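Chemist: Given chain S, put chain W in place with the hints provided.
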Amino acid sequence: MAEETKSSPANGGGLSLRVRGPRDFYGGLFLVALAAFALWAGSDLSGMRGFSFGPGTAPRLFAWLLILVGAAISISGLFVDGPPLESYALRGPAYVICAIIIFAVTIRGFRFTFFGSEMRIPEFGLVVATFLAFMMAALGAPRLRLLESLLAGIAMTLFCVALFRYLLQLPFPLWPNF
Amino acid sequence: MSDLLSNLWLGFSIAGHPINLGFCLLGALVGTLVGVLPGIGTVATIAMLLPITFGLDPVGALIMLAGIYYGAQYGGSTTSILVNIPGEATSVITCLDGHQMARQGRAGAALSIAAIGSFFAGCVATVLVAALGEPLTKVALEFGPAEYFSLMLLGLIFAVVLAKGSVVKSIAMVLTGLLLSTVGSDLDTGAGRMTLGLPELLDGIGFTNVAMGLFGFAEIIRNLESSEVNREVVQSKIRGLMPTRQDLKDSAWPIARGTVLGSLLGILPGGGAVVASFAAYTLEKRLAKNPRRFGHGAIEGVAGPEAANNAAAQTSFIPLLTLGIPPNAVMALMVGAMTIHGIIPGPQVMTKQPELFWGMIASMWFGNLMLVIINLPLVGIWVRLLRVPYRLLFPSIIVFCCIGIYSIDNAPSDVMIAALFGLFGYWLVKHDFEPAPLVLAFVLGPLMEDNLRRAMLIARGDTSVFFTRPISAVLILISVTLLVLALLPMFRKRRDEVFVESEN
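Same order as they appear, the protein sequences are chains S and W.
Letter by letter, the first sequence follows residues 36 to 213 of my numbering.
Letter by letter, the second sequence follows residues -1 to 502 of my numbering.
A hint or two may mislead.
[Claimed, not checked] Per the computed footprint, the stretches of chain S lying under chain W, defined by three or more beta-carbons under 8 angstroms from a beta-carbon of chain W, are:
hint, segment
1, 55 to 67
2, 71 to 84
3, 105 to 117
4, 133 to 143
5, 202 to 209
[To be verified] These stretches of chain S come out as covered by chain W in the derived footprint (C-beta under 8 angstroms, 3 or more residues):
hint, segment
6, 93 to 102
7, 121 to 130
8, 174 to 186
Treat the hints as calculated values from the structure; they're not laboratory data.
These numbers come from a predicted model, not from an experiment.
Using N, Cα and C, we set each Cβ at its ideal position, and we do this for glycine too.
This is chain S alone, in the form it adopts within the complex:
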């Protein structure tokens, strides 16, 4: 019995494979998944017609090659020692992405279907979108100084309005329009 516990996966013995280069292993795996997804998404496209390419030929060619290379990377990650996975930060990316999404959905309004029902975010315009996105991004900083960020946000908003709307005359809606 004692022998059996020794060869448990935690000790790296037995049949279990220890991933030696996890960055390559998971990196390659993800690319294979991406290519497989592309194959699925493009499965409706017709392929070769005689000797002329169909719309599906090139995407399938690239996807299969990517599967091949991705698998090679992944397999080499199984056997070749590599650096460990780096930890992902959550806070920074979350605020940055939120800020960008907020800008995208407020600048001109946005429609989407949520569990079958149509949802609509009204148009807020450049002023609100810029300011909200700025503040949301600023929250992602390691140390927040609210007053400073507020002032900088207002200044940035004014600058963007002056530059894009008045100086460059780009057709942005300025104010909310419900």
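Modeler: What follows is chain W alone, placed relative to chain S:
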């Protein structure tokens, strides 16, 4: 020869027009202003500033963009020297000795040598672009689809070989880029490819969205990881901008050598500018009597690479203007800008719109001149800009990027796609994948597919066409040789050395 002179004269008379000079100046100024911000490279700068050229006429817009390009590059060097943060790959090298010089109180000399070196390289490269433009355009007319395809393949192989890190992983990035480029309507049949039923994807994924996500947003996300972004702006007052006579003497030859090296490497498709500065640095170090000075503030280590990367930046216009093939991400943005103004880059630009072609070439020279004139006196302002804390800087960059992306097509979905690519870029970094080959492949993808299809159609499905047509065969042969060399252990070690050198 007289043709060349009269063409250049035409160019100078157009670029020298006060209004165009103004655009050039404005472009160089804004380009530097944004390029100086730490963590923003040339690609993100140009993508961000693209909207400000929308309202101009084509010639003015392109002149301004060229100004932005040089400004952004010079801004990157300034950041490298003063804060030791390279805006992008081409200025990594400048950090090594430039920042050391700054810490020894010679920031002024480093900045002015960088500007003078760039200016000299720019002058030479401008003439080169003008001289090579016409003959290469003639060559381009000989090119059929098979040749175009093989040339682009060579470009991608270059990008793979020249990218840092694993060759296999770079190939994977190229394939990912190619795959992503096929999303959207098929050129021949109009069928929507891999659009997941989303109408927003019918036009394909915009290049600006990919570039902004991978180079802009991903960079910010990564910078936020380190709790306090470590920036040591050189605090001591910059005294004496002018280099001493000895400085000039020391850097004269490195500048000349860098110019030659950069001009040659820039013409190659596949990110020549980056390699140019690496190569120039390695060359100077090899040639130096006392190589140990390098990394401790050797002025040759600033002069050579700066000249090289500027020369390469300029000559990389050659494949774009003559063959219509963008050799790097910046040139891909130029394609985007040209298309917005209804110009299709390629051999016909020179014959159909000579004033645009030669005006742009001449404006390169003016752009470089302006950098020397305006930037040295403005160094004080750039230094102050660098002291703005990152916690205020990065939200501003994000907002600016968002507005920039949105304004191109007035499409909120573009902004979301960029956000998605920001996350993807962050993931790539975590798994040691290089985004540069992906972006180049994404740009070349549609062109490659189109030419591959046409070549196959003309050859009636016979793949040997790529090997039987002589130009195509040579190009393929070079590609294969390069790839094999890069994969061979002996050369791989050498290649790794070059990149390691640049990192410590």
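Chemist: Each hint needs a verdict: does it hold in this structure or not?
Modeler: Hints, verified against the model:
1. 55 to 67: Answer holds; 7 residues pass the 8 angstroms Cβ test.
2. 71 to 84: As far as the segment 71 to 84 of chain S goes, the hint holds, because 5 residues have Cβ atoms under 8 angstroms from chain W.
3. 105 to 117: holds (count 4)
4. 133 to 143: holds (count 8)
5. 202 to 209: holds (count 5)
6. 93 to 102: holds (count 6)
7. 121 to 130: It holds, with 6 qualifying residues against the three required.
8. 174 to 186: holds (count 8)
Going down the numbered hints, you'll see the structure goes against none, and every one checks out.
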